Structures are given as structure tokens and as C-alpha cells.
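Put the two chains together into one complex; each comes in its own frame, and the hints tell you how they fit.
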Amino acid sequence: MAGTAPKPTRDLRLDFFRGLSLFFIFIDHIPENVLAYFTLRSVAFNDAAEVFIFISGFTAALVYGRSLATNGPLFATAQIYRRVWQLYVAHIFLFVIFTAEVSYAIMVVQNPLYTEEMGVADFLQEPHLAIMRALVLAFQPMFLDILPLYIVLLATFPLVLILMARQRMLPLLISFALYVLTLRQGWALHTRPGHDVWFFNPLAWQFLFVIGATAGYARVTGKWPFPSARWIGQAAILLAAAIAIINFSWTLHWIWDPFPPLLAKQLWSYSLDKTNLAPLRLISFLILAIATVQVVRPESRFLEHRWARPVIICGQQSLYVFCLGIVLSVLGHFLLAEFSGGFLMQVSVNLVGIGTMIAVALLLNWFKSASRRPLQPASSALSVPSE
Amino acid sequence: MRLPVLLIGLLGVALAPWPVLAEEPQQSSSKCAAPADIFQDDPQLPKISEQLRQHKPVVIVVIGGASTAGTSPDSSYPYFLEAALRQRHPGVDITVINKGIAGQTTEQMAARFPKDVYPSKPSLVIWETGTVDAVRSEDVDGMAQAVTEGLTDIQNHGAEAMLIDMQYNPSTVSVINFEPYLDALHQTADQQNVYLFKRYDLMKYWIDAGEFDFINVPKEKRLTLAREFYACLGERLADAIDYAAR
Chain W
1 MAGTAPKPTR DLRLDFFRGL SLFFIFIDHI PENVLAYFTL RSVAFNDAAE VFIFISGFTA
61 ALVYGRSLAT NGPLFATAQI YRRVWQLYVA HIFLFVIFTA EVSYAIMVVQ NPLYTEEMGV
121 ADFLQEPHLA IMRALVLAFQ PMFLDILPLY IVLLATFPLV LILMARQRML PLLISFALYV
181 LTLRQGWALH TRPGHDVWFF NPLAWQFLFV IGATAGYARV TGKWPFPSAR WIGQAAILLA
241 AAIAIINFSW TLHWIWDPFP PLLAKQLWSY SLDKTNLAPL RLISFLILAI ATVQVVRPES
301 RFLEHRWARP VIICGQQSLY VFCLGIVLSV LGHFLLAEFS GGFLMQVSVN LVGIGTMIAV
361 ALLLNWFKSA SRRPLQPASS ALSVPSE
Chain A
1001 MRLPVLLIGL LGVALAPWPV LAEEPQQSSS KCAAPADIFQ DDPQLPKISE QLRQHKPVVI
1061 VVIGGASTAG TSPDSSYPYF LEAALRQRHP GVDITVINKG IAGQTTEQMA ARFPKDVYPS
1121 KPSLVIWETG TVDAVRSEDV DGMAQAVTEG LTDIQNHGAE AMLIDMQYNP STVSVINFEP
1181 YLDALHQTAD QQNVYLFKRY DLMKYWIDAG EFDFINVPKE KRLTLAREFY ACLGERLADA
1241 IDYAAR
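If you read the protein sequences in the order shown, they are chains W and A. Each residue of the first sequence is one higher than the last, beginning at 1 in the numbering used here. Each residue of the second sequence is one higher than the last, beginning at 1001 in the numbering used here.
Next comes chain A alone, as it looks inside the complex (with noise of 0.2 angstroms):
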């Protein structure tokens, strides 16, 4: 029969070199460089862009869970994403505000924006979640849902919106469900034409490179690993700012 030639010839098509496979990093300068398709999302940041250009201050409130919040104040990403921000646009006043609060869920984190968000009037609200939602099972429906309607509030309030989804650790993602989550996530941000920042592979893309190894690491050197990537990751961010306010 011919099935065994179709099946060699998709075996053959299976084993040619994929596009995602072969891509080179592109800041080779770097410590922790990234493949650009990790940054690769069409949606566009043209209210900061419009800011950094004209030398407006700029606002940005993240919020988020525990992993946004960091080990403490100066070691979190959004901590070095203000640094990084302000090194690559001189003069431009940019602040970077940390509302990362651990152990909440997409809905009770959407549900603290009048408080913690919009008083800070800030030109871009960047939102790392999922994790909770995952953690605890969820209902992924839900989830999409406040995830939409917080999307849609932040537009209203006039200010411009980013995704951040969840955090890669080889022994976590065994143990918990993030599949069906981060489809959601990503779904939903491609839905309403937000930005999205792929942490998740940025974070296996380091983990498989050997850049990064949070499996048993002696217990004086948390801390400073912690403060590490974050510092990297808060580079990285400033990168798919740039990328999507270009």
C-alpha cells in the first residue's frame, strides 16, 4: 500500500529543520539573550510610543501575583524594567509602579483595579496572571471571561494594556494544568488584540539553554538567583515594550 511512503514522507517533513527550532538569539550581546519570535506579537503600543517619542511621562502599573511582587522591592521584574526603560530613553521620565500581590486569582486581581490601577493614571497596564487560576483549577471559562472584561476596562479607563502569562519551571508544569490556561491567555489577548509577553517560553527557552537552573539550588543562593532573573527578565520586558511601541 502507499501508506507506508506517506508515512516516510512525513516523517521526512517532521525531521526537516523547523523555523522555530533554528532561530538564532538575537541579542547576542546579552547575558540572557532571547529568540526574537518570543517577542514577535502584532499588536501595537502606540499611546507610549506616541509618550516616549515626544518625551511625555510615562506611567506603567503592573499588576500581578507573587511572581510580579518579587523577593522585595528592588528585586522584581518590574523593578528592573523601570531601570531598563530609563537607561534606553534618557530623559524620559517613566515609572514603573509594582501592585504584584501573591495568591490571587484572574477575578480578584481584575477586581482591585479601581484601587490599585487606575488612580495611578497610568499610559500602560501590564498584567501577569494565570498562575492562581491554574494553581487552584479554576474554571478556564471564567478565567477568559475576567480576563476579556479586565482587558476592556483598562481600554475604557484610556490607558493600553499587556499580557504577561505564567511562569516555567520543568517540575511545575508536570504537577500543574497550565495548558489549557495558557491557551486561554493566549487566545484571549489575540481576541482583543493585546499584547502578550510569552514568559512561559521565555522562561523554557532559558531553562533548555541552561541559562537559568531553579532545581535544587542550595538555600544561600535563592535569594541572589531570584534577583538575578528578575533582572533579566525586567530587560527582556523593556525589549517587547520597545518591540510593540516601535
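Just chain W, with the same shape it has in the complex (with noise of 0.2 angstroms):
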């Protein structure tokens, strides 16, 4: 983005790719959703969370390392720290719409038919002890469970990239390590002594988030630290075509009962694991991106199409539209849920949900050079770069 130092263009892919993944991610969030058949999850084991938390690691990586390497680790590690405070906020935020819209449930649905479902409104029993819990994210019903994750992927970041400038591959193997014991031991993180695990396992999540900053940091020092054998490239765009036809199978089968899912029964116990990265989604990710790196080039004549722009826009401002599209998808959910989800409404929902996201990007995109342009030639060294 224009913030960042003179260096070689910007590469799009990682802006569009994020931005879709961003789109995905609201329409795969609102239940029910007809357009959720067309998002990645109905073509690989993965969904687009694996995406974002990549691309996030990716461009963490390039930005705050060469922040790091101009600015010195006091200051990148306040840059990354912005950053989680602004999560921060975003958390609370939804903590706060979460509670309403629980007070609201409660007092609307007072019905014997629902005892158990009205399990979710006990934390309002305790109200000092949920804002206490909120407050340290142990508190993740619902949608709360999103934000943590990437808290505590960037609030531990400076320690990965610390120990990346001084040994790149040392993260990743840390990383792998902690990945493989909390798989085999069976490690998780409690809201709650005994039930209720982060619905995103951070110990799992962070070895995608550090493969992303690892080949990310290659960026910064110009060396790609992964074999690159041309051999590697094709053989994962057959095996993302294989993924693509299994998974899509499946999709069919859901919509068209008769439709044979393909290798369900060997193959669809295995992609369950969400919470803990399961390495089937984890594989079919990593053979996804490496197939789309070969497939699209960074110079790639769509990437600079005008129906690409909006899409990399958004993936350029992904922070606060990646905040911006779980409080969207929290309305629009509950809008389909109390005036009826025809397909019309799921539709227009989805479609007002995209246009708004693309605005508030614009609008931040707008804003961010127009408050930039005075005070350029003082300030380049020290504007924030998006990361």
C-alpha cells in the first residue's frame, strides 16, 4: 500500500485472495446461505479461514519484518501491538451485540418449549464474572470465538518475528513442534476449567499463521526458504483439481441427495477438525496455495480488471473489513432469522453485506491518502503501512 517504503510493487494476489477470502468468510457466516455452496469450502477440505489466516501471517511478516529491519523490535512490536488493541476494541464491541441480542432473546422468547436453549443466556446470571471473562477472551459463544485467534496469532507475533530475523526457519520448526503435540496430546485452551475450548485452537492455528510469515519474511530477505521444484507446482494443481472434484461432489450430494459423494466415508471424518487445523485441511490449503501461486503470476492481466479492484481493495483495508463482515453477518443472520429468510432476502443481504464491506474499503482507502498527502514528505518513514 502507499504507506510502505519505495520497494517492488505490491503483490495483488496476496489483496485479492484476502479480499475474497473476506467475502467467503461474511457469506459463509450467515446460516442457510444459498451462496455458501459457491465459496471455497465447497471445492477443498479447507475454508476460507485457512486463507486469511495465511495471507495474514504472510503480509504480517513482510510488513512488520522490514519494519523491524528499518525501525528496530521496540518499534515493530508497538506497530503489531496497534494492531491488537484495535482487535481488541472489535472484540469488546461484539461482546457488547452479543449480550443485547441475548437480552433481547430471552426476553422475547419466554417459552417452556426452549428451556434448554435458554442455556446461552446464563452467563447473564453472572454478568460480573461474563464481563470479567469477556475481557480476557474467555468468554466465545457464537461469533466471539473469531477475534481471539487472531489477538493472540499477532499479540505473540514479535517473538516469532524476532526469532525469525535472527534464524528464519527456526519459527517454523518451533511452530510444527507445538503443532504435532497439541494434535497428539491433545492440548487445547479452556474458556473454562474442564468445557468449552476455543473454537479456534491457537497451539493448532499458529503453525499456518507461521508458515504464512515464513515464506512472507522471504520477501524481506529476498531468499524463499521451501523447494520450488517445478514438479511441486504441477503436482499440486492435479491434486487441487482431485480436492476439487471430491469436495464439490460432496456439495452436490448435499444439494441432490441421489449425487455420490466421493470418498466421503474414507475421507470426511478427517476434514471435521476445525477447531484443531485438522492436517487434512491444513495439506489441502497449503496444495491450494501452491497450485494458485503457479496458476496465477503476480502480473497477472485480471488482477488489474476493474471487478478486481473492489476485492483487492477490501483485502488492502483487511483489517477493519474483516471486523466490519463478522458484525455484518451478526445483522444479517439476525434479520434472516426474524423476517423470514426467503431467497430474496438471503440474497439481498448478501448482496448489502459485499456493497458495504467494498464501501467502508473505499471510504478507508480514500481517507487514509487523503490524510496522508499534506504531511508526506515528513511523515513517509513513520505512516503505518496496512500490514
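Just so you know, these hints were derived from the structure itself, not from any lab. Fair warning: this is a prediction, and the values are worked out from it, not measured in the lab. We put the beta carbon where it would ideally sit given N, CA and C, even for glycine. Just so you know, not all the hints are guaranteed correct.
[Said to hold, decoys possible] Here chain W is said to cover these stretches of chain A; the calculated rule only asks that three of the stretch's residues, wherever they fall, bring their Cβ under 8 angstroms from a Cβ of chain W:
1. 1061 to 1071
2. 1123 to 1131
3. 1139 to 1145
4. 1210 to 1218
5. 1225 to 1237
Below, the structure written as C-alpha cells:
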């Protein structure tokens, strides 16, 4: 983005696919959404969450890695924590929305039919405890489970980055060990002792973030740390196609029962554990990423197309658009539930939501460049690039 | 570019009448009718089918949570299921046993099968589950595993199994993350080839159609409304059993 120091042109693929994953995350978060048949999860074992976390790790290493090299660890850490703070505030905002929604629900649904469902309001019996738990990220119902992962990943990122600057593969090794141990030992973060695990287990998901960061950091050092033989790319394309066929057959089966779901008996249960970033999901994502890099080159024409531009801008303003997307899906869900979710209503909620995300991203983009202009000469080194 | 044309094409497809929307109610005679596709699920119940045809005694155990227990012994869907089945199959000795206990997760329910289910020697076990798991944000994967193991266990005890998913209410689904639990339940049923009764979809259909309204019900009418609803649900569940035992 405009704020970063002069450098080789920005890789628009990162912005494009991150923007796309933000749309998919929004769409997937609206339940019983017809459009959700057309998102990434219909053609891969993973979904947009993996894409978002990987690219976030990649760009975090890219942006803060450069900052670390020029401004030192303290400044880079401060920059990262500015982001963490914004995410934290957004999380608390979502907590307030959730509390309001639950209060509304128990007000209008006083019916003996729904005694178990009303357990969702148990936290209102002890609001003082609920507020404290929300503040320490230990209260994660419904849509309050997404930001805590991102907060933890970014909050620990200065350490990863500083290690990476010393030995670029070291964080990846530690991260891999942690991932394997988490899967084998069943380690989990609990929001309450005994029960209620974090829906996105940071101990597992950190691995994907660090893979992304290791790849992103290579852009800072100019040295690619992973094997890059041609056959790997070609194999990845073939495998990605196979994965797409398998998953699409599942989607079709889901829509129209008689259609046979390929290999569902063998594979389906392995793709289920999103909490711990099941290996099948991770591998599926990595294959998809390698294949995408083969097929879509940085200079690809479609990235310049005017239809790609709104997606790219959303990817560039990802932090705000991500938070906004969650709030919008909460509102969209509420609207669909309260005022019947007919097909036209569903499509409108989707379109209005995505339109709002794009509009806000464009506004932020304009505001950022407009407010930077008069200060340009003096502040170019200090301006905070968006990660 | 071609993109606008493509978008218009997609929109055309999207706006064309979709099969689900065009569904006509099946039982036009009864008060709480349901669209036919609610019941369409492949897995069958050959054992029950055989027993009904040969007029042998049928024992059904319904295990589940608060919504199975109902508001009183004669105000629950298993109670009305028994009445409906007896009426439809005169001369067959049909017993439906209600083992609903409020506030249990899938795993906790599975743990009481040996005590609550098998001693009655049921030919069919109807398992209503998922609500508490979703309310407490329990591990989805863990729930799916518990369902798989529970179903296998039921079948190993010589009974047929049937699943019932969660209840729907516009206000509760905004605050409880049912989606992944519903998905897991449906997919597990599909994998295990077990009939799943789509209570969630059925309630959504009724509420959207204005058949039932559970919002802002005056205090004195709540119990009556619950009983009316259970009667409808029991009736439709009997349809489902007849469909699966065809």
C-alpha cells in the first residue's frame, strides 16, 4: 500500500485473495445461505479461514519484518500491538452486541419449549463474571470465537518475528513441533476449566500463521526457504483439481441426495476438526496455495481488471473489513431469522453486506491517502503501513 | 467484458423458481401440514416395517433432552407419537417410552443408553440431540464422534436408530451457533445411513408460514401452545416413521 517505503510493486495477489476470503467468511457466517454453496469450502477440505490466516501471517511478516529491519524491534512491536488493540476493541464491541441479542432473545422467547436453548443466557445470571471473562477472551459463544485467535496470533508475533530475523526457519520448526504435540496430546485452550474449548485452537492454528510468516519473510530477505522444483507446482495443480472434484461431489450430494459423494466415508471425518486445524485441511490449503501461485502470476491481467479492484481494496483494508464482516454477518443473521429468510431476502442480505464491506474499504482507502497527502514529505518513514 | 452478462445470467438462474420454494404441502387435510421433502431421507426402517405389517408388538424408546421430556408426561412429542402410531396401526401393540432429561450433551445421553434404553428392548431408538452441545459450544468433532459411536451401539443391540435434530426459533438461532452442529449431525446421519428427522427445518417452515408463533406469547397461553406444538410434531414424526418404514 501507499504507506510502505519504495519497493518492488505490491503483490496484488495477496490483497485479492485476502479480499475474496473476507467475502467468503462473511457469506459462510450467514447460516442456511444459498450462496455458501459457492464459496471455497465447496471445492476444498479447508475454507476461507485458512486462506485468511495464512495471508495475514504472510503480510504481517512482510510489513513488520521490513519495519523491524529499519526501525528496530521496539517500534515493530509497538506497531503490531496497535493492531492487537484495534482487534481487542472490536472483540469487546461484539461482546456488547451479543449480550444485547441474548437479552432480546430471552425477553421475547419465554416459552417452556425452549428451556435448553435459554441456557445461552446463563452468563447473564452472573454478568460481573461474564464481563471479566470477555475481557480476558475467555467468553467465546457464537461469533465471539474468531477475533480471539487473531489477537493471540498477533500478540505473540513480535517474538516470532525477532526469532525469525535471527534464524529464519527456527520459528517454523518450533511452530511445527507445537502443532504436532497439540494434535497428539490433545492440548486445547479452555475458556472454562473442564469444558468450552476455544473454537479456533491457537496452539494448532499458529502453525499456519507461522508458515505464512516464513513465506512472507522471504520477501524481506529475498531468499526463498522452501523447495521450488517445477514438479511440485504441477503436482499441486493436479491434487488441487482432485480435491476440488471430491469436495464438489460432496456439495452436490448435499444439494441433491442421490448424487454420490466421492470418498466421503474415507475422508469426511478427517476434514471435520476445524478447531485443531485438522491435517487434511492444512494439506488441502497448502496444495491449493501452491497451485494458485502456479496458475495466478503476480502480473496476471485480471488483477488489473476493474472488477478485481473492489476485492483488492477490501484485502488491503483487511483488518477493518474483517471486523466489519463479522458485525455484518451477525446483523444479517439476525435480519434473516427475524424477518423470514426467503431466497430474495438472502440474496439481498449478501449483496448489501458485501456492498457495505466494499464501500467502507473504499472510504478507508480514500481517507488514508487523503489524510496522508499534506504530511507526505515528513512522515513517510513513520506512516503505518497496513499489514 | 463478459462479466456483466455472466452476472445477469447467474441472477436469472438465482431468481428462477427453486424446487424447495415451490414445494406444496403434502397433508392438506391436517392443521400443521409439512412440505413433502421434509420427510425425504433415504435410510429405511425395515425392522419396524416388518413388525407393523405382521402386527407384532413395537417398542420405541425416545431419548433426548428437555424438548423430548416435554412440559408434562402428556405434553411431549413422544406422547403424541404413540397416540398417532396406535391410531394409524390399529391392532398393533405400540409403546413409546420417553427418556428425555433436560440439559445433557450428546456424550452424556450416550452414556445412559445401557440404563435407559437397552433394558426396554426397543426395536427403534429415536435420539434427539445437539441442543446442549450447541448452547455450550462443545467440541463439534467430539459430538459427531459421540453420535457415530452411539448409533453403532444402538445397532449392535439389535435396534434400529433414528435421529432428531434441534429446535428452531428465530431469536435463539441468532445467539446459538447451531450451524456447525446441524451440519455435523446431518453428515453423520448420512454417513451412518441413519434416518434423520429434520425438526429444525420443519419448525422453521411452520414459523415462517405463520403456523406457529413462539415470540411474545402471553404467560397463560404458553403451556397450551407447547402442547399444541408437541401434538403436531408427534403427528409429523409418525409420518416420518411411516415414510421410513414404507
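Going through the hints against the structure:
Coverage of a stretch by a chain is defined here by at least three residues with a beta carbon nearer than 8 angstroms to that chain's beta carbons; for the segment 1061 to 1071 of chain A and chain W the count is 4, and the condition holds. For the segment 1123 to 1131 of chain A, the stated coverage by chain W is violated: 1 residues have a C-beta nearer than 8 angstroms to a C-beta of that chain, whereas at least 3 were required. Given as covered by chain W, the segment 1139 to 1145 of chain A passes the check, having 4 residues with a CB less than 8 angstroms from a CB of that chain where 3 are the minimum. Remark: the segment 1210 to 1218 of chain A is confirmed as covered by chain W, as 4 of its residues place a Cβ nearer than 8 angstroms to a Cβ of that chain, reaching the required three.
Note: the segment 1225 to 1237 of chain A has 3 residues with beta-carbon separation from chain W under 8 angstroms; the three-residue rule is met and the coverage holds.
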